[in-house]
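Trainee: Listed below, chain by chain, are the residues.
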Amino acid sequence: MSLIDRYIAEVGRHLPEKNRTDIEAEIRSMLEDMLEESGYQAKSAQEKVIVETLEQLGDPKLLASQYAPSRRYLIGPGWYDAYLQTLQRVLYIVLPIFATVTFILTLADNPLDFVNAVGEAVGGAFSVGLQILFWITIVFVFLERSDEVPYQVQNTGSKKWTVSQLPKMPYKRQISIGEALTDIVMDLFVFLWIALPLFQNWLQGDANPVPFLNPDLWNLWFPIFFVLMTLNLIHDVFKLKIGNWTPTLTATNVVLCLASIIYVVALVTTQQVINPTFLATLDSTQISELRNVTTWSTWTVNISAAIFVGILIWDMVNSVRLARRLNERPGTLVITKSVS
Amino acid sequence: MENDELVQNILLELRRGTLSIAVLSQLSKEEYGYSLLKALSDKGLEVDQSTLYPLLRRLEAQGLLQSDWRIMDEARPRRYYVISAQGKTVLSKLKQEWSVMAETIQKMLQ
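Line order of the protein sequences matches chains A and V. Start counting the first sequence at 1; every next residue gets the next number (this note's numbering). Start counting the second sequence at 1; every next residue gets the next number (this note's numbering).
Hints listed in this document are in silico derivations from the structure and should not be mistaken for laboratory results. Bear in mind that the values here come from a model prediction, so they are computed numbers and not experimental data. Built from N, CA and C at the ideal position, the CB exists for glycine as well. Mixed in with the good hints, there may be bad ones.
[Stated by the list, open to error] Short derived list, chain A residues pointing at chain V, Cβ under 7 angstroms:
(1) Ser29
(2) Met30
(3) Glu55
(4) Gly58
(5) Tyr67
[As the list claims (entries may be wrong)] Now the stretches of chain V that chain A is said to cover, found in silico as 3 or more residues with beta-carbon under 8 angstroms:
(6) 24–34
(7) 41–53
(8) 76–83
Bound conformation, chain A alone (with noise of 0.2 angstroms):
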């Protein structure tokens, strides 16, 4: 095999399969009139000329990356932004839904550990977060390589941009996605969590173990409860949806938050919320004094609840706390003159 087709070899193999016999013929020629140029006819120079002249070629990898630019990156400027959304989206999307089910499934099969299923949860929903951070990657990795030229940031300026594109809002959230998902999440958590071993009993019939909440709260408070929490779902929707805390958002915060307030105080006040029954049961197996835990079950309620108020309250003045922000304007430029 002679240095030239060495050499022309040597270009094709770092070019796409497509063109590569065409741009292997055009680079012969070309070598050939450089050749004819340098005076190959000469015998007894031709060696040289041909190392002179594949030498001012340079270096094939280079020549063939001059055809197509070789991507020294896994994701390009062209699709980066594409793909971050991509990811965003469906990390969101699958990671508190799988979390929810394995959570919700774990606890149908063991309904007093709470801890066990958490864990289950989050360990799931990691792994499947990494498996879907893989298969995305990749299914872009090769989107890219699927572009013939590489995106090239030049090439983008062909819509004009107008003022009508701003957005209305401030253009960052108030309350960021994730904020929003988080607490979504975790209304449906508390709906399950209160609702599941309910109806789970009330399926069952009285036979089974009994309830840990007083089930005479079904005539009353536990339909407000669910009517609450839904509300909530609601709103934390909408929040999730404007993400900023406008007029209406904020109201209607204020309003949950004190409807929530009220519900708890009154609840814990007025009502037996733990089942005496099951404080009966639990004194039986135990062998303690029913005061103690009568005493103790009244404390954790009282201080749940004192938890539970305090979150609610936080959430509500800084809501409004940060409605009064939105309509700030940028702070103003402090411009010094310069002493010439």
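Based on the hints, put chain V in the right spot on chain A.
Mentor: Just chain V now, kept in the frame of chain A:
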């Protein structure tokens, strides 16, 4: 030394930008790669083969040039390039832009 390198880098970018205009302007009559290289060099623009040939391909892919393999005169088949109708339109726009730009820069440098 460092300054030389900076100058070279900036010049390289300048050339890269202007080379397309130069090539389009010289292809009103069809040329093959090597003859075009010579033509450019005769007018004072030295271009690397490894830059010119891929550029011809890119311009053709963008529809500004058209080409085909042909046997002219004697010898071997060569790939001949010539400016397309679209290329002519683009070139005339580029010419205007270029003269404006050259004038502006000239004014600034005075």
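Trainee: Indicate, hint by hint, whether the structure satisfies it.
Mentor: Now for the hints, and whether the structure bears them out:
The beta carbon of A/Ser29 is positioned within 7 angstroms of a beta carbon in chain V (closest approach about 5 angstroms), and the interface hint is therefore held. The beta carbon of A/Met30 comes within 5 angstroms of a beta carbon in chain V, closer than 7 angstroms, and the hint placing it at the interface holds. Evaluation of the A/Glu55 hint against chain V yields a violated restraint, the C-beta minimum of about 12 angstroms exceeding 7 angstroms. A hinted interface residue such as A/Gly58 counts as satisfied when its beta carbon comes closer than 7 angstroms to some beta carbon of chain V; here the least separation is about 5 angstroms, so the hint holds.
For A/Tyr67, the suggested interface contact is upheld, since its CB lies about 5 angstroms from the closest CB of chain V, less than 7 angstroms. Check on the region 24–34 of chain V: 3 of its residues sit with their Cβ under 8 angstroms from a Cβ of chain A, so the three-residue criterion for coverage holds. Counting residues of the region 41–53 of chain V whose CB lies closer than 8 angstroms to any CB of chain A gives 5, which reaches the minimum of 3, so the coverage claim holds. For the region 76–83 of chain V, the assignment as covered by chain A holds, since 4 residues bring a beta-carbon within under 8 angstroms of that chain's beta-carbons and 3 suffice.
Of the numbered hints given earlier, the model fails hint 3 alone.
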